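The sequence shown begins at 31 in the working numbering and counts up by one.
Certain hints may be false.
Stated by the list, open to error - Cross-link-like lysine-lysine pairs, in silico, DSS-like; alpha carbons within 27 Å at most:
hint: 1; residue 1: K170; residue 2: K137
hint: 2; residue 1: K137; residue 2: K155
hint: 3; residue 1: K150; residue 2: K170
hint: 4; residue 1: K150; residue 2: K137
hint: 5; residue 1: K73; residue 2: K170
hint: 6; residue 1: K73; residue 2: K55
hint: 7; residue 1: K62; residue 2: K73
hint: 8; residue 1: K91; residue 2: K62
hint: 9; residue 1: K91; residue 2: K55
hint: 10; residue 1: K73; residue 2: K137
hint: 11; residue 1: K62; residue 2: K137
hint: 12; residue 1: K137; residue 2: K159
FYI, nobody ran anything at the bench for these hints, they're computed from the structure. The structure displayed is predicted, hence computed values, not measured ones.
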Amino acid sequence: MSPIIPPKVTPAAQGYGRELSNLAKMYMEESKYSGENNNFDFKLTVFHNICSRADVSEEAKARAFPTMLYGLALNYYYSNIVNSTQITTLNNICHLIQAYFEGAEYKRGILARWNGITLKMVMDKNEGKSMEECLQLFIKDLRHLQHGLDMEL
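The task is simple: from the sequences and hints, build the whole structure.
Shown next, in the form of structure tokens:
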């Protein structure tokens, strides 16, 4: 008698529990999007990278999406998106989150902060630090703000 070979189970047939669990374990809070003082596009790039490392398929990314959220953004997701039958794709979810948290006022605020920040301001705020440490903080602030600037500037 020949051995019985069980059918191969695909991730779609068994769900994505293992991949989603791995994704959650790999995520650190500073990599998540809160809707406050961080940039959605940058955090979405981080999300795609971590999904790739956790073997989360494209089909499972919409289910995995809340993993990248915390704070106000997670609250908005569960209050306004999760129960909607019309919002089913990752692109739709991303568009709604970004439109809610990063409208014209957000972009104006980022530009104003970009134009207003100076090395002297950073040095005044960090009196006990050396010039080199202040320069590193200044560069870090500029990089953080750069993610929120309009690409056409």
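If you draw a straight line from the CA of K137 to the CA of K159, is it 27 Å or shorter? With Cα atoms ~31 Å apart, K137 and K159 exceed 27 Å; violated.
Hint consistency between K62 and K137 [alpha-carbon to alpha-carbon, up to 27 Å]: Status holds; Cα separation ~20 Å.
Is K137 within 27 Å of K155, Cα to Cα? Within the cut-off at roughly 24 Å; holds.
Is K91 close enough to K55, meaning Cα to Cα at most 27 Å? holds (16 Å)
K73 paired with K55 [C-alpha distance capped at 27 Å]: holds (17 Å)
Does K170 pair with K137 here, judged by a C-alpha cut-off of 27 Å? holds (19 Å)
Holds or violated: K150 with K170, Cα cutoff 27 Å? Distance ~15 Å between K150 and K170 Cα, so the pair holds.
Checking one constraint from the list: CA of K73 to CA of K170, max 27 Å. Satisfied? holds (16 Å)
Is it true that the CA of K62 sits at most 27 Å from the CA of K73? With a Cα-Cα distance of about 6 Å, the restraint between K62 and K73 holds, given a limit of 27 Å.
Is the hinted pair K73 and K137 satisfied, with a Cα-Cα distance of at most 27 Å? Cα-Cα ~16 Å, so holds.
Within a Cα-Cα threshold of 27 Å, do K150 and K137 meet the stated pairing? holds (24 Å)
Regarding the pair K91 and K62, is the alpha-carbon distance no greater than 27 Å? OK: K91 and K62 at ~15 Å, within 27 Å.
Violated hint: 12 only; the structure is consistent with all others.
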